[in-house]
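Listed here are the chains, written in short residue letters.
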Amino acid sequence: MKIKTESTPLKLKELAKKENPFESGHRMCSGCGAPIVVKMVLMASEYPVVASNATGCLEVSSCISEYTAWKIPWIHTAFENAAATLSGVEAMYKAWKKQGLIDEKVKFVAFGGDGGTYDIGFQSLSGAMERGHDMVYVCYDNGAYMNTGIQRSSATPRGANTTTSPAGSVVPGKQQGRKDLTRIMAAHNIPYVAQASPSNWRDLMTKARKAIAIDGPAFLNVLSPCNRGWRSQTNDAIALCKLAVETCYWPLYEIENGELTVNTTPKEKKPLDEFLKPQGRFRHLFAPENESVLKQLQEDVDREWNRLIKESSGESK
Amino acid sequence: MAKVAVTGNSAVANALRQVNPDVCAAYPITPATDLMQQFSSYVSDGKVDTELVLVESEHSAMSACIGAAAGGGRVSTATSSQGLALMWEMLHIASGMSLPIIMPVVNRALSAPLNIHGDHSDAMYSRDTGWIQLWSENAQEAYDNTIMAYRIAEHKDIRLPIMVNMDGFIISHSIETMEYLEDDKVKNFVGKFERVNPLLDLENPKSFGPLILTDYYHEYKRLQHEIMGRVKGVVNSVTDEYAKLSGRQYGLFDSYRLEDAEVGIVVLGSAAGTTKDVIDEYRDKGIKAGLLRPRLFRPFPFGEVADALKHLKAVAVLDRADSFGSYGPVFMEISSALYQAGGQPKMINKIYGLGGRDYMPSQAAEVIEELNDIAQGGAIKLVKDYLGVRG
Numbered sequence: 032m033k034i035k036t037e038s039t040p041l042k043l044k045e046l047a048k049k050e051n052p053f054e055s056g057h058r059m060c061s062g063c064g065a066p067i068v069v070k071m072v073l074m075a076s077e078y079p080v081v082a083s084n085a086t087g088c089l090e091v092s093s094c095i096s097e098y099t100a101w102k103i104p105w106i107h108t109a110f111e112n113a114a115a116t117l118s119g120v121e122a123m124y125k126a127w128k129k130q131g132l133i134d135e136k137v138k139f140v141a142f143g144g145d146g147g148t149y150d151i152g153f154q155s156l157s158g159a160m161e162r163g164h165d166m167v168y169v170c171y172d173n174g175a176y177m178n179t180g181i182q183r184s185s186a187t188p189r190g191a192n193t194t195t196s197p198a199g200s201v202v203p204g205k206q207q208g209r210k211d212l213t214r215i216m217a218a219h220n221i222p223y224v225a226q227a228s229p230s231n232w233r234d235l236m237t238k239a240r241k242a243i244a245i246d247g248p249a250f251l252n253v254l255s256p257c258n259r260g261w262r263s264q265t266n267d268a269i270a271l272c273k274l275a276v277e278t279c280y281w282p283l284y285e286i287e288n289g290e291l292t293v294n295t296t297p298k299e300k301k302p303l304d305e306f307l308k309p310q311g312r313f314r315h316l317f318a319p320e321n322e323s324v325l326k327q328l329q330e331d332v333d334r335e336w337n338r339l340i341k342e343s344s345g346e347s348k
Numbered sequence: 003m004a005k006v007a008v009t010g011n012s013a014v015a016n017a018l019r020q021v022n023p024d025v026c027a028a029y030p031i032t033p034a035t036d037l038m039q040q041f042s043s044y045v046s047d048g049k050v051d052t053e054l055v056l057v058e059s060e061h062s063a064m065s066a067c068i069g070a071a072a073g074g075g076r077v078s079t080a081t082s083s084q085g086l087a088l089m090w091e092m093l094h095i096a097s098g099m100s101l102p103i104i105m106p107v108v109n110r111a112l113s114a115p116l117n118i119h120g121d122h123s124d125a126m127y128s129r130d131t132g133w134i135q136l137w138s139e140n141a142q143e144a145y146d147n148t149i150m151a152y153r154i155a156e157h158k159d160i161r162l163p164i165m166v167n168m169d170g171f172i173i174s175h176s177i178e179t180m181e182y183l184e185d186d187k188v189k190n191f192v193g194k195f196e197r198v199n200p201l202l203d204l205e206n207p208k209s210f211g212p213l214i215l216t217d218y219y220h221e222y223k224r225l226q227h228e229i230m231g232r233v234k235g236v237v238n239s240v241t242d243e244y245a246k247l248s249g250r251q252y253g254l255f256d257s258y259r260l261e262d263a264e265v266g267i268v269v270l271g272s273a274a275g276t277t278k279d280v281i282d283e284y285r286d287k288g289i290k291a292g293l294l295r296p297r298l299f300r301p302f303p304f305g306e307v308a309d310a311l312k313h314l315k316a317v318a319v320l321d322r323a324d325s326f327g328s329y330g331p332v333f334m335e336i337s338s339a340l341y342q343a344g345g346q347p348k349m350i351n352k353i354y355g356l357g358g359r360d361y362m363p364s365q366a367a368e369v370i371e372e373l374n375d376i377a378q379g380g381a382i383k384l385v386k387d388y389l390g391v392r393g
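Protein chains in written order, with my numbering: chain A, 32 to 348; chain B, 3 to 393.
Only chain A is shown next, with the shape it has when bound in the complex (with noise of 0.2 Å):
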């Protein structure tokens, strides 16, 4: 049975009464950050939406036959190609409209996590939103390849820790810095990109609402906290969020038609260190002869951070 959808005000109160399109007694991890994002996106939609997702830690834990958390449609064919698939899904739904089989107006959200997303998916990713297709695309970034046991990806923080970078006694983890998605994303010129967590809740709704009512592509980068390879706790995803962003490490803004805006500012920019510490696959990096990377680090976050602030142009709050 289709679910209702409509424009609630981004309050708890009324979203406390809405139904969650992605059903809970799903498989993914206590802790998990991806399964409140989806959450937090769907909800956030004014309009039946139908989705597709990368094959991953999201996808093999929502829908496992003969059991589905989906409420909505989906759709999952394979790990690179959530966006062409639901390029695919969206003309579909144009030749309906054509047609006169359907008149409702639908929208489209893909799910894919960083490994989907940055690395072998992006070239899929990069043709849908070059052609325009009216689609969100919603990576959930954890910052490795979870599903397959904490490999690296190009989303994964330099220094850390992880299977296939793992912090040895002469390679003290990932030795490259973070692939800047967002900003790739921004140079295809689509109306819309930003970059939410769900410490930030409202935020990240208010972003998931205008991307979703956009006509046109649109990207969401979400930060997503996995305890299993960030080797924290399970119930601190949220709290690891709000460091993220505290620490600048992870900073809200959108680009909206070109226009950045920072949407967050700190009160007080917290040293990185706050964010890293609680994080076993950053542990490494606080001996004394990694000091250097952990310095690298703070360069690399401080760099991006005044970079947004000279280039943000609306008001900050």
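Since the hints were made in silico from the structure, they are not lab data.
The reader is advised that the hints may include incorrect statements.
[Claimed, not checked] Derived lysine-lysine pairs resembling BS3-like cross-links, with alpha carbons at most 27 Å apart: (1) Lys128(A) x Lys49(B); (2) Lys189(B) x Lys128(A); (3) Lys125(A) x Lys49(B); (4) Lys125(A) x Lys189(B).
[To be verified] Which chain B residues stay away from chain A? Per the calculated CB distances, all over 12 Å, these: (5) Ala7; (6) Leu116; (7) Glu184; (8) Lys187; (9) Gly193; (10) Gly253; (11) Glu264; (12) Asp279; (13) Ile289; (14) Asp309; (15) Asp324; (16) Gly327; (17) Gln378; (18) Ile382.
These numbers were taken from a predicted model, which means no experiment stands behind them.
A virtual CB, placed ideally from N, CA and C, is assigned to each residue, including glycine.
Mind docking chain B on chain A? Use the hints.
Quick look at chain B alone, frame taken from chain A:
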């Protein structure tokens, strides 16, 4: 019915125009490029209502086709060679999800070394992807097969994707005199698309593409085998119905002067035409040669093929693709068919025409001579050998 002089690509593009699919997603590749190029002009000129998705790779082409077909509607693409190879992962997913996608494949060699010319490597290496495969001898048959493919793929007992194969350049780029059906006849023949569990049915939300592990995956795959078993009957009935409309009767395979033959050649695609001419010459010389050209290659009609061949003394299977370290792919099918039927023919396998190397009448003659010698009691020198290899 109008006689036209067109290339295979034009003929198939015209078939797509007449069918007017809901969505086409495609990426150009030689020698299929021209086909979707012509179709794109039909879109631009408003001759079709198709939503055209011009993707950034063949992997995305097939992914978009899968998304569109799951969405609920008639979907087509076309490709060749490396494009088909890049789609390979998604081919299994299209068939595994039971989506009737129609894909003309303009057969071409695979790299390395890079070669843009015709052979059957692309489709042969995709033969186990769960797709139905139809093969064509000429532009007329490629056109006819394309139209029939919609009816076969979309049949309620099947719902599977189909590759319609035609030889790169030899069929795709050669101009041939053939007949088109009238637009309304094609429209009526393919009929209205019947939507089965469309993803876009918002009232009944469905999840497509679940995870199925050790509990039911095995049964799922067994079911695909079972569905393939229904294809032959549907191909026969659709082919017969089409014959009434067009006057052109095809079968599961094409059989030429085979009934009273003593030796036979099995070959796919355009090489059959050349071979038939040479068979006629040898018939005039008193050598009873015949030919079998498979049209439905997946599922392979083992029983029927064996019945048509088992009385022969010697059979040569010509393969325009190789399986290195083994026999050619068509040879393996024919051997299996004849062994199961308790067949008697002695068999040889000839690999020919790779990477667009011309298949000459002299090569067919060479094979018939060798078969004749074997039929007279001569020994088989090499089971698998190559035709026309330069010294």
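Taken at face value, is the distance from the CA of Lys49(B) to the CA of Lys128(A) at most 27 Å?
-> Between Lys128(A) and Lys49(B) the Cα gap is close to 18 Å, so the pair holds against 27 Å.
Would you check whether the claim that Ala7(B) is not at the interface survives, using Cβ distances to chain A and the 12 Å cut-off?
-> At about 33 Å from chain A, Ala7(B) clears the 12 Å cut-off, so the statement holds.
So is Gly253(B) really clear of chain A, every C-beta pair being over 12 Å apart?
-> With a cut-off of 12 Å, Gly253(B) remains clear of chain A, as the shortest Cβ separation is near 34 Å.
Minimum Cβ separation between Leu116(B) and chain A greater than 12 Å?
-> Non-interface label stands for Leu116(B): nearest chain A Cβ at 21 Å, farther than 12 Å.
Classify the label on Gly327(B) as holds or violated, using whether its beta-carbon is more than 12 Å from each beta-carbon of chain A.
-> holds, 30 Å
For Asp309(B), is the shortest beta carbon distance to chain A beyond 12 Å?
-> The claim stands: Asp309(B) keeps its Cβ more than 12 Å from every Cβ of chain A (closest is about 40 Å).
Grab the minimum beta-carbon distance between Lys187(B) and chain A and tell me whether it stays above 12 Å.
-> Check passes; 22 Å lies beyond 12 Å.
For Asp279(B), is the shortest beta carbon distance to chain A beyond 12 Å?
-> Given a closest Cβ separation of 44 Å, the condition holds.
For Asp324(B), which was marked as not at the interface, is the minimum beta-carbon distance to chain A over 12 Å?
-> holds, 29 Å
Would you check the hint for Lys189(B) and Lys128(A), treating anything up to 27 Å between C-alpha atoms as holding?
-> holds, 21 Å
Taking only the CA atoms, is the gap from Lys125(A) to Lys189(B) under or equal to 27 Å?
-> holds, 21 Å
Ile382(B) clear of chain A by more than 12 Å, beta carbon to beta carbon?
-> The claim stands: Ile382(B) keeps its Cβ more than 12 Å from every Cβ of chain A (closest is about 45 Å).
Violated hints are absent here; each numbered hint is respected by the structure.
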